[in-house]
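Student: So the protein lines, in turn, are chains A and B. If you read the first sequence in our numbering, its first letter stands for residue 1, the second for the next number, and so on. If you read the second sequence in our numbering, its first letter stands for residue 1, the second for the next number, and so on.
Simulated from the structure, these hints should not be mistaken for laboratory data. Among the clues, some could well be false.
With a straight-line Cα cutoff of 30 Å, these simulated DSS-like cross-link-like pairs (lysine-lysine) come out [stated by the list, open to error]:
{"no.": "1", "chain 1": "B", "residue 1": "Lys163", "chain 2": "B", "residue 2": "Lys210"}
{"no.": "2", "chain 1": "B", "residue 1": "Lys316", "chain 2": "A", "residue 2": "Lys4"}
{"no.": "3", "chain 1": "B", "residue 1": "Lys253", "chain 2": "A", "residue 2": "Lys4"}
{"no.": "4", "chain 1": "B", "residue 1": "Lys55", "chain 2": "A", "residue 2": "Lys34"}
{"no.": "5", "chain 1": "B", "residue 1": "Lys316", "chain 2": "A", "residue 2": "Lys2"}
{"no.": "6", "chain 1": "B", "residue 1": "Lys350", "chain 2": "B", "residue 2": "Lys163"}
{"no.": "7", "chain 1": "B", "residue 1": "Lys253", "chain 2": "B", "residue 2": "Lys210"}
{"no.": "8", "chain 1": "B", "residue 1": "Lys215", "chain 2": "B", "residue 2": "Lys232"}
{"no.": "9", "chain 1": "A", "residue 1": "Lys34", "chain 2": "B", "residue 2": "Lys316"}
{"no.": "10", "chain 1": "B", "residue 1": "Lys19", "chain 2": "B", "residue 2": "Lys298"}
{"no.": "11", "chain 1": "A", "residue 1": "Lys4", "chain 2": "B", "residue 2": "Lys163"}
Just the calculated beta-carbon pair ranges, DEER-fashion [as the list claims (entries may be wrong)]:
{"no.": "12", "chain 1": "B", "residue 1": "Ile167", "chain 2": "A", "residue 2": "Leu15", "range": "49 to 55 Å"}
{"no.": "13", "chain 1": "A", "residue 1": "Ile22", "chain 2": "B", "residue 2": "Ser66", "range": "50 to 56 Å"}
{"no.": "14", "chain 1": "A", "residue 1": "Val9", "chain 2": "B", "residue 2": "Ile167", "range": "55 to 61 Å"}
{"no.": "15", "chain 1": "B", "residue 1": "Asn2", "chain 2": "A", "residue 2": "Thr31", "range": "44 to 50 Å"}
Note that this is a predicted model, so its numbers are computed, not measured. No residue lacks a Cβ here, since even glycine has one placed at the ideal position from N, Cα and C.
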Amino acid sequence: MKNKTILVVTMSLLLFVTFSCIASEISWSITVNKSDSLRQLIGLPSIAVGNLNPSARNPGLEIICTSLYDSPGGYCYYFTPGVPVSNITIFANVTLDGTK
Amino acid sequence: MNRFRNQVNYALSCIKRYKTRTLVILICLIVSASVFSSVAFVKDGLSAQGALSLKYSPDITVQGISAGRQAPLNTSYIGFIQAEAGVSAVVPRVWGYANIGNNLLVILGVDLQNSSFVSAYSHVNVSSIYQSIYPIESGSFLDAQSNNTVVIGKAVADLLGAKVGSILTIVSESNEPKQYTIAGIFNSESGIYNADMILMNINEARSFFKIPNDKVTDLMVYISNVDPANQKSLVNYVAREISDIPNSRVVTKDVLLQAQQTTYGDRAGFFSVVWYVILISVAIIAFNQTVAVGHESKFEVGLLKSLGFSTLDIIKVRLIESAILGTLAAAIGLTIGIIYDAFLGAPVIKDFMMGWATLYPSFSVPLLITPQTLLFVFAITIVPLLFATVIPSWHNATVDPDIAMRGARA
Chain A
1 MKNKTILVVT MSLLLFVTFS CIASEISWSI TVNKSDSLRQ LIGLPSIAVG NLNPSARNPG
61 LEIICTSLYD SPGGYCYYFT PGVPVSNITI FANVTLDGTK
Chain B
1 MNRFRNQVNY ALSCIKRYKT RTLVILICLI VSASVFSSVA FVKDGLSAQG ALSLKYSPDI
61 TVQGISAGRQ APLNTSYIGF IQAEAGVSAV VPRVWGYANI GNNLLVILGV DLQNSSFVSA
121 YSHVNVSSIY QSIYPIESGS FLDAQSNNTV VIGKAVADLL GAKVGSILTI VSESNEPKQY
181 TIAGIFNSES GIYNADMILM NINEARSFFK IPNDKVTDLM VYISNVDPAN QKSLVNYVAR
241 EISDIPNSRV VTKDVLLQAQ QTTYGDRAGF FSVVWYVILI SVAIIAFNQT VAVGHESKFE
301 VGLLKSLGFS TLDIIKVRLI ESAILGTLAA AIGLTIGIIY DAFLGAPVIK DFMMGWATLY
361 PSFSVPLLIT PQTLLFVFAI TIVPLLFATV IPSWHNATVD PDIAMRGARA
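Between the sequences and the hints, there should be enough to build the whole structure, so can you do that?
Tutor: This is how it looks when you write it as structure tokens:
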């Protein structure tokens with residue numbers, strides 16, 4: 001095997017990988033910019049991918065997911081910090097000495 | 001330039017000469033690069049598909065809760081939400097789950113006559129909403145006037161062996177068998193979204209789930225399009241106002257996006273940990289092999305130095321060798337990752353990333369090959385190899401040529 005062969009093989013593979021990346025990016029940008037009427041109509045935030053619990057598609061769902069696992073679009077993470085609309089300050093005053 | 005070209009040529013000769021080391025390093029790096037890249041492509045594809053669904057999801061979803069669990073929401077709140085400043089549309093939705101055999105499916109009732117939906121998407125041609133623009137493989141989409149008809153996902157059709165015109169019998173929670181005529185089947189290209197779905201008119205869904213006319217599963221709230229800089233504040237403002245509704249849970253699109261990213265990130269994270277372990281092993285093996293080769297090449301180094309090569313030149317040759325090996329391994333690993341995902345359908349990884357679905361969707365795995373992933377794989381295969389090489393080669397190159405040649409002969 002000549003020295004050049006190693007470089008040619010490497011360059012060919014790099015070209016293949018780069019081409020795949022460009023094709024993938026173009027394909028996704030078309031998908032993203034294309035109007036999707038079905039998703040507009042239905043409005044479900046997640047995809048048809050199964051999870052550890054049967055509430056996979058549920059944007060609202062049984063609390064059981066907190067004990068098993070979360071699902072895409074599920075609400076388990078609703079209870080994690082940083083949710084902008086949770087207002088649970090009422091609980092802060094329900095202590096014996098009233099301190100927060 | 002000539003000097004560099006000669007050094008590259010010499011490095012390439014070394015790659016061929018020390019076959020065992022080359023093969024060991026290549027195999028280890030290829031395995032780690034291909035494992036990581038194949039997982040990363042699927043993870044990015046799923047995240048992108050999730051994000052795409054979110055793009056079309058309502059800005060705010062409102063659902064009822066009772067004793068901490070989701071419960072139907074009263075439709076009387078629609079007026080209250082609609083009156084909030086910045087709300088452009090409130091669309092009721094009825095949906096839930098049902099079993100056919102051991103398979104859990106999503107049953108979704110859509111309100112095809114809902115004018116608020118149409119106003120929320122005024123840029124879409126209304127007639128085109130009803131027909132022809134939906135991803136239907138065979139049959140037709142739902143008709144607002146016809147009863148007892150459904151459109152089903154491809155995976156559901158494959159599972160049941162159903163065709164357009166077949167009668168679908170589903171037993172409801174109240175143990176009543178309900179029969180529907182299949183009007184259409186979604187195509188497999190859109191399967192990532194609707195593989196497990198049975199779509200019907202909202203009133204059919206109400207009847208199936210026995211949800212009274214004054215209740216809905218949830219409400220989709222759309223916010224008026226304002227300046228993008230203020231959109232988020234407006235959504236949060238409206239969400240706070242809506243959260244005054246008793247027994248309700250309010251979720252914004254942002255929260256769902258975070259949840260999705262965390263979910264796929266966590267799953268890919270498991271593989272990443274495995275991959276890091278592989279990478280550390282590769283670095284150790286590369287270090288070990290370079291030390292071994294350094295011992296073998298003592299005479300050669302002595303000869304080179306006596307011919308005028310400096311210590312820096314020898315280190316440079318070793319680094320060029322490692323860079324070529326790393327690049328070649330990353331390129332092969334990425335190519336394997338792409339072929340494994342795109343042409344073989346990502347076996348094993350697919351099952352892990354898709355989860356333990358009761359109905360395995362039969363759609364192809366969504367892939368996204370981003371420049372970031374490629375650069376990361378290159379960086380992570382080349383840089384550790386360079387680090388693993390530099391010390392042994394420096395140690396090897398600093399030996400006196402006379403001692404090196406005598407030591408090697410001895």
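Student: Each hint: holds or not?
Tutor: The hints, checked one at a time:
1. Lys163(B) - Lys210(B): 27 Å, holds
2. Lys316(B) - Lys4(A): 19 Å, holds
3. Lys253(B) - Lys4(A): Roughly 54 Å between the alpha carbons, so the hint for Lys253(B) and Lys4(A) is violated.
4. Lys55(B) - Lys34(A): 12 Å, holds
5. Lys316(B) - Lys2(A): 21 Å, holds
6. Lys350(B) - Lys163(B): Holds, at about 27 Å.
7. Lys253(B) - Lys210(B): 28 Å, holds
8. Lys215(B) - Lys232(B): The hint holds at about 29 Å.
9. Lys34(A) - Lys316(B): 50 Å, violated
10. Lys19(B) - Lys298(B): 17 Å, holds
11. Lys4(A) - Lys163(B): At roughly 57 Å apart (the allowed maximum being 30 Å), Lys163(B) and Lys4(A) break the hint.
12. Ile167(B) - Leu15(A): 49 to 55 Å: 54 Å, holds
13. Ile22(A) - Ser66(B): 50 to 56 Å: 52 Å, holds
14. Val9(A) - Ile167(B): 55 to 61 Å: For Ile167(B) against Val9(A), whose Cβ atoms are near 58 Å apart, the range 55 to 61 Å holds.
15. Asn2(B) - Thr31(A): 44 to 50 Å: 49 Å Cβ-Cβ, so the 44 to 50 Å window holds.
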